[in-house]
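Visitor: With chain D's structure known, arrange chain Y on it following the hints.
Sequences listed follow chains D and Y, in order.
Each residue of the first sequence is one higher than the one before, counting from 8 in my numbering.
Each residue of the second sequence is one higher than the one before, counting from 2 in my numbering.
The reader is advised that the hints may include incorrect statements.
Unchecked claim - Sample of chain Y residues lacking proximity to chain D, with all beta carbon distances greater than 10 Å (derived):
#1 A317
#2 T817
#3 A823
Said to hold, decoys possible - Not the full set, but computed from the structure, chain Y residues with beta-carbon under 8 Å of chain D:
#4 S6
#5 A17
#6 L285
#7 L291
Just so you know, the hints here were simulated from the structure itself, not pulled from any lab data.
We put the beta carbon where it would ideally sit given N, CA and C, even for glycine.
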Amino acid sequence: MCALVLELRGLVKHFAVASGEPVRAVDGVSLTVARGELLALHGPSGSGKTTLLMLIAALLPPDAGSVILDGRDVCAFSARDAARYRLVDLGFVRQSLNLIAGADVVDNAALKLMGTELGAREARRRVRPLLDRLGLADRASHRPEQLSMGERQRVMIARALSTDPKLVLADEPTGSLDTQRGSEVLELLAEVCREREVSVVLVTHDPRAASYADRVHVLRDGRLVEDQPDRAFAPIDAK
Amino acid sequence: MKLSSIVRLYRVRLRARFVQELFAVLGIAIGVALLFASQVASTSLDRSAQQLTRGVLGDMRFQIAARDAHGFDERLLAQVHAIPGVSMAVPVLEANANVVGPDGTRSVDLVGTDPRLAGQGGQLVRSLRALRFAKLKALIVPAPIAQAIGDSSLQRIDLQIGESTVSALLVPQLLKGAAGGLAGSSIALAPLAYAQALTGLQGRLTSIFVSSPPALDRQVLAGLRSAGAGSLNIRPATFNEALFDRAARPTNQSTGLFSAISALVGFLFAFNALLLTVPQRRDLIEDLRLDGYTRGMIVEVLMFDALVLGVVACAAGLALGELLSSVLFDSNPGYLSFAFPIGPRRIVTWTSVALAVAGGLLAAFIGVLAPLRGAILSRRDTFFSDPAYRSARRTTWLLVGGVSCLLATTVILLAAPAAAIAGVVILAAALLLLLPLVLDGLTLAFDRLQVRFAGASSYLAVIELRSPGNRARSIGVAATGAIAVFGSVAIQTAHGDLQEGLNRVARGLNATTDVWVSPASEANSLATTPFHGVVAAQVAALPAVRSIGLYRGSFLDIGDRRTWVIAPPRQVARPLPRGQLLEGSTALATRRFHEGGWIIISRAIAQERNLHVGDLFTLPAPRPTPFRIAALSTNFGWPSGAIMLNADDYARAWGSSDPSALLVGLQPGISPAAGRSEIRRALGSGSGLEVQTAAERERDFRATGRQGLSRLTQISALVLIATVLAMSATMGAMIWQRRPRLAEMKVDGFSRDVLWRALLWESGLLLGAGCSLGAVFGLYGQVILSHALVTVTGFPVAFSPGILIALASFVLVTATAMLIVAVPGALATRVRPALSIRD
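This is chain D alone, in the form it adopts within the complex:
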């Protein structure tokens, strides 16, 4: 856990609004994430957490600063390179409401792989061991509407990890889950990513997340208010 995978250097992003000053969504954020490390970003709504993820995912251009992944400046990527970067180097776990209705678990998990040079059949074959690992083997032929929310979230994790990415970005992955299911999902995400040495940036305002993270940062009004690990918000009975 020493090699750096991700480095953010003085990232800034502002948004125009109809009246008044622009909103400073991300305001000079710098941080690093090592290989296999799980970093939790904690903060209230509107603190800039999701914008920060979008900047890391090269879905937004920063107004200033840079995003370095594995030594490459993500902000300098062309649209095509940025897409390739998200497809191969990045996994995205978000709330599971957007699974493809009508498609079964295997198809939903294989969505990223289908975007690669693999054909549909090979993509479905390759994602199966991951589904087994995530405990979805017996749900493979089920459709989203036949799954629990926890199971849907595991499908999203399978999709994110399907291309063996270097970094997983998780945006409020437990937002729609109860305490027990939320903990199960976070535990599984942390376990599987550590096994594969995949780094994770976990954005959440769920206090349980801290107990699974190697480091925790707090984001407020677009700034990292503490650049040291902060476990103050973690529950006492956490790991």
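Guide: Okay, now just chain Y, sitting in the frame of chain D:
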């Protein structure tokens, strides 16, 4: 991205949006079907005429043709033969006639010719070589005509020609099968001498067709012109094609215009159906982008959606169009058969198929890709910017876009009415752009009103209408209603204007007298066949008859227009039907008609020749005669245009005093029916003349007009049916999609009744906004279409704002849709609350 992955993605997603996809297929298929069927109908008309002309005339180069039904001296044939370069000259005598058999009467174009036609003509007449044609004393008629009148073979039938009825022998089956296009026509062939004897035109011909080497064209033409001496028409042998093309063009243009609008309505249904799936597709695009799909890959995925949709819809549309064109849109030439010997025949060309398929595929690609253009191309910033900021910008753009489109439509209406299709498309775009603003305004007004009632259902309806998640779906439903009513109103009202215009002509032309007497023949419905008129004195002597006037009329070729010449007796007080004058004063034109030396001419003919009121125009009649133009008129319902002059002027220019109808005025107290019976009795059963009251004749005229407009009537009915079906499907799909949301509301404690009423309020507001705006824009569409019909086709159009039709369409579509919401909506509100709690 591999094709197998694209196909897989398509397949798995299809399960969840099958109903909406089916609806989109239906919309595009309706558009494709209408385009295809109207294309087939138009092509069938044009190609039938072309096949018939070429099949009969083969490689013959020129024709020398008479300008009236009396023809010219047959001795001219020898003179033509003697022209250097002429290798063969075939004599022809043509006349309108009726064949009367035991089971009915049919109108035929009697063509008398000699065996040289079989030798020099095209493949349709080569079978005549096997006959000893010259010695035959019989009429060879197409088998379908023989069957229709109940004649089997070699039987004697009655032949009504002019004012006479003669007996003739019929040979029906000879032209069956092998003669192809001729078998489907109304041509009755006879040896020349026999035809001359039957028509009483011994020693006369109406045309001579000439065969010559192409290299000698100039020499032969010069010889023919010299032989024609300025009183005969010299032109290419196949000139009938050009005449027919010109005559059929307005009908084809009107059909094309209406079909294009109908197809547009169909395609917009599809577009709106696809709007209902925009939220899902937008979510998919978001997912794919987050997961690393490039724009190109996303477009590939969506293009495959569009391709499958387009291919399936085109296949269904072609099948439906085939059914429409063979069952509904028949290729009957209708009133064009009065002037051209052509029968119903369906001809499908690759061009028709290609045009319909191209339209369908284009609609599918636009329908799938256009609503998602923003999502595909957007930079992420737009998703994160202030909603109020985006809303204000969107409102401004919608307003600017909508008003610009309205202005563009107005410019087209005033400056380029020929671009009516583009005008209606832009008007539809204006409607769609302004609709969200109207909907927002209506929702705001409703919100202010509903707070006074403090009802939960109206409150819920406002919440749902304002929910950004429901925005695309709400606009989709309102837009479907708007486009449905818009298309339906525009087409129905313009069709009504055209029908009323034709009715006015029918009323105005026929009401000039009590009873009409003219040669009996369907082809003589416009009173264009002359007869000797010796019975005029006999009719005038009848006690019931107060007055008798000689009406004259015929078809006259002016350039490539076979125009209808209308020549009422000079003493007719109001010869001009109401609303037919486009330039000039009715009072002055009527006075000049009575004075003589003046003609009233269709504006289309005048414009072609740069003629204006007061100008001198030499009518190319058998005796070319100069006339001054008294006024410019519509085409009186005859597509190639019409010319009106008084009957005395006609006699002078045509060099004949033969009437084509007797206008009989009855003594006071004598009813038209009684007068008609008395005249029929006086003429006897052997007469070839038909006696009709003005009302009967007007009824026939109206029926002919309706027949001419039958395709437009069918299109307008289809649009209405498609409208109701489309709204049913849209509302059904909308309600089905709402079940999870309704379940959530039940969890929040809202009762079934409240939810049901909320659904009704919401649907009512959506439909109210959409359908009312559609009705208003439909009335503007009527103005554009009616104006285009007058200026482009020259048809008589009696414009009156179709407010009743607009109201009826609004009520029909809204009521149907509300009914559809009410019943399944009540069922949908029975949804179990558990549907919203899955985990």
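Visitor: Could you check that no beta carbon of chain D comes within 10 Å of the beta carbon of Y/T817?
Guide: At roughly 29 Å from the nearest Cβ of chain D, Y/T817 sits farther out than 10 Å, so the non-interface label holds.
Visitor: Just want to verify: Y/A317 was marked as not at the interface with chain D; is every Cβ pair farther apart than 10 Å?
Guide: holds, 22 Å
Visitor: Y/L291 was flagged as interface toward chain D. Is the shortest Cβ-Cβ separation under 8 Å?
Guide: With a closest approach of 5 Å, the Y/L291 hint holds.
Visitor: Taking the shortest Cβ-to-Cβ distance between Y/A823 and chain D, state whether it exceeds 10 Å.
Guide: holds, 28 Å
Visitor: Tell me if Y/S6 is really an interface residue toward chain D, meaning its C-beta lies closer than 8 Å to one of theirs.
Guide: This interface hint holds because 4 Å falls under the 8 Å limit.
Visitor: Does Y/A17 pass the interface check with chain D, least Cβ-Cβ distance below 8 Å?
Guide: Holds: closest Cβ of chain D sits about 3 Å from Y/A17, inside 8 Å.
Visitor: With a cut-off of 8 Å on the beta carbons, see whether Y/L285 makes it to chain D.
Guide: Status holds, d = 7 Å.
Violation of the numbered hints given earlier is absent; every hint is satisfied by the structure.
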